[in-house]
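Student: Quick note, the sequences are listed as chains V and A, same order.
For the first sequence, position 42 (counting from the first letter as 1) is numbered 41 according to numbering that gives the first Met the number 0, and the numbering increases by one without interruption.
For the second sequence, position 143 (counting from the first letter as 1) is numbered 142 according to numbering that gives the first Met the number 0, and the numbering increases by one without interruption.
The set of hints was computed from the structure by calculation and includes no laboratory data.
Watch out, some of these pointers could steer you wrong.
Heads up, the list lumps identical chains together, so a pair's fine if it works in one copy or across two of them.
When the alpha-carbon atoms are kept at most 30 Å apart in a straight line, the in silico DSS-like pairs for lysine-lysine are as follows [to be verified]:
| # | residue 1 | residue 2 |
| --- | --- | --- |
| 1 | Lys67 | Lys10 |
| 2 | Lys4 | Lys107 |
| 3 | Lys134 | Lys113 |
| 4 | Lys74 | Lys4 |
| 5 | Lys124 | Lys134 |
| 6 | Lys146 | Lys134 |
Number of protein chains: 2
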Amino acid sequence: MTCPKFGRLPKHIGVIPDGNRRWAVNNGLAKQDGYQKGLDPGMMLYEMCVELGIPELTFYGFTQDNTKRPAVQKKAFQQACVDAVKMLANRDASLLVVGDYSSPLFPKELLEFKQRKTFGRDLIKINFLVNYGWKWDLSNFINAVEKNSFKKTRNINEHIASSDISRIDLIVRWGGRRRLSGFLPVQSIYSDFYIIDDLWPDFKKNHFYEALQWYETQDITLGG
Amino acid sequence: MTCPKFGRLPKHIGVIPDGNRRWAVNNGLAKQDGYQKGLDPGMMLYEMCVELGIPELTFYGFTQDNTKRPAVQKKAFQQACVDAVKMLANRDASLLVVGDYSSPLFPKELLEFKQRKTFGRDLIKINFLVNYGWKWDLSNFINAVEKNSFKKTRNINEHIASSDISRIDLIVRWGGRRRLSGFLPVQSIYSDFYIIDDLWPDFKKNHFYEALQWYETQDITLGG
Numbered sequence: 000m001t002c003p004k005f006g007r008l009p010k011h012i013g014v015i016p017d018g019n020r021r022w023a024v025n026n027g028l029a030k031q032d033g034y035q036k037g038l039d040p041g042m043m044l045y046e047m048c049v050e051l052g053i054p055e056l057t058f059y060g061f062t063q064d065n066t067k068r069p070a071v072q073k074k075a076f077q078q079a080c081v082d083a084v085k086m087l088a089n090r091d092a093s094l095l096v097v098g099d100y101s102s103p104l105f106p107k108e109l110l111e112f113k114q115r116k117t118f119g120r121d122l123i124k125i126n127f128l129v130n131y132g133w134k135w136d137l138s139n140f141i142n143a144v145e146k147n148s149f150k151k152t153r154n155i156n157e158h159i160a161s162s163d164i165s166r167i168d169l170i171v172r173w174g175g176r177r178r179l180s181g182f183l184p185v186q187s188i189y190s191d192f193y194i195i196d197d198l199w200p201d202f203k204k205n206h207f208y209e210a211l212q213w214y215e216t217q218d219i220t221l222g223g
Numbered sequence: 000m001t002c003p004k005f006g007r008l009p010k011h012i013g014v015i016p017d018g019n020r021r022w023a024v025n026n027g028l029a030k031q032d033g034y035q036k037g038l039d040p041g042m043m044l045y046e047m048c049v050e051l052g053i054p055e056l057t058f059y060g061f062t063q064d065n066t067k068r069p070a071v072q073k074k075a076f077q078q079a080c081v082d083a084v085k086m087l088a089n090r091d092a093s094l095l096v097v098g099d100y101s102s103p104l105f106p107k108e109l110l111e112f113k114q115r116k117t118f119g120r121d122l123i124k125i126n127f128l129v130n131y132g133w134k135w136d137l138s139n140f141i142n143a144v145e146k147n148s149f150k151k152t153r154n155i156n157e158h159i160a161s162s163d164i165s166r167i168d169l170i171v172r173w174g175g176r177r178r179l180s181g182f183l184p185v186q187s188i189y190s191d192f193y194i195i196d197d198l199w200p201d202f203k204k205n206h207f208y209e210a211l212q213w214y215e216t217q218d219i220t221l222g223g
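Let the sequences and hints guide you as you build the complete structure.
Tutor: Take a look at the structure:
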């Protein structure tokens, strides 16, 4: 399918790439072997967004909740996140990784992305949530209150740990589940959700075009 | 339709009763006349939840964002919220109203529900969000930090303004839009969403049963 024409595109898309373990089981593999199958879809989505001129894209890597899973799965999704960031670090994007850096569960190889790093022609901002937790994110503004810097603006968005990630217009979730699962609660306040029943490793370009076509038909009110 | 049998029911349901203004326009009325048409559906839903034994139900009344709308609409939705709470105050429920009480936009008649009040046989907990704002809700924990009570537990849920409202299992939104629009971001972290395309004043019992039947098929992982 060639790229359709869009009248109105989201400025920032959040991606919840769910279903890797279910895909592995369906295909006779061990659960943890599903994560590597999510890398190519991620690169494909990156390329589609660049082609369309989408300015910002956020991937839900793994969460602090997820790290309660068996060690072999934990290792596999940590490695998949490291691989994904490294693949994108050779392209035309700026990369930021957001998550609890202080924990041993945060992969050391990604510490250099605590601050946004720019590569190539810097065509798109990409954010990765790695060892992310919504409580960790929101709790950050305790520091701001303690330092008394909160009072100056009283703007929550500026003081959460993910403050460099902007408001999300469209969230696309693969794997059929209709929930946020802790994905950036502040940036998701007004987001439109689109659910794709297929599992993330079964990514097709058409999934993404359908989501964008649906998004075009939604009005934006921000509660007004 | 008689009530189907359910194997697994949500303990707490959030309701986003959207589409009153669109319903009014579709039916040749002024936009503000739609809100009163939302009262009967609310009572019907209350009765269905009592019949099923659902322990907690939260209605999205109006938000601080909504109060930017024309004065005539503002008056109408404020009145509809007052009427809804009064109708339920004669039944078998405990009622709590949560929102920015300090603002003149908060209806005075509802101030007595700042603390939960119990009526009749107290069969269900009902929460109403009235002049609610997600920023108002989250900002409340600044007070906790300033009073140094936060450090004792570091549990965000206990310190937000809506801390008396528990985690939501299922959110049902009428009116076709697939977004949270600022609805209780902390309690919605793991909620399943079900969207009904019909507008809220066109509420049918079947809408709700469909949502519950769908909910039964979802697994609960809480990210694990």
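Student: For every hint, state whether the structure bears it out.
Tutor: Here is how each hint holds up against the structure:
no.	hint	verdict
1	Lys67 x Lys10	between (33 Å within a copy, 24 Å between copies)
2	Lys4 x Lys107	neither (41 Å within a copy, 51 Å between copies)
3	Lys134 x Lys113	both (18 Å within a copy, 26 Å between copies)
4	Lys74 x Lys4	neither (41 Å within a copy, 42 Å between copies)
5	Lys124 x Lys134	both (24 Å within a copy, 26 Å between copies)
6	Lys146 x Lys134	both (19 Å within a copy, 20 Å between copies)
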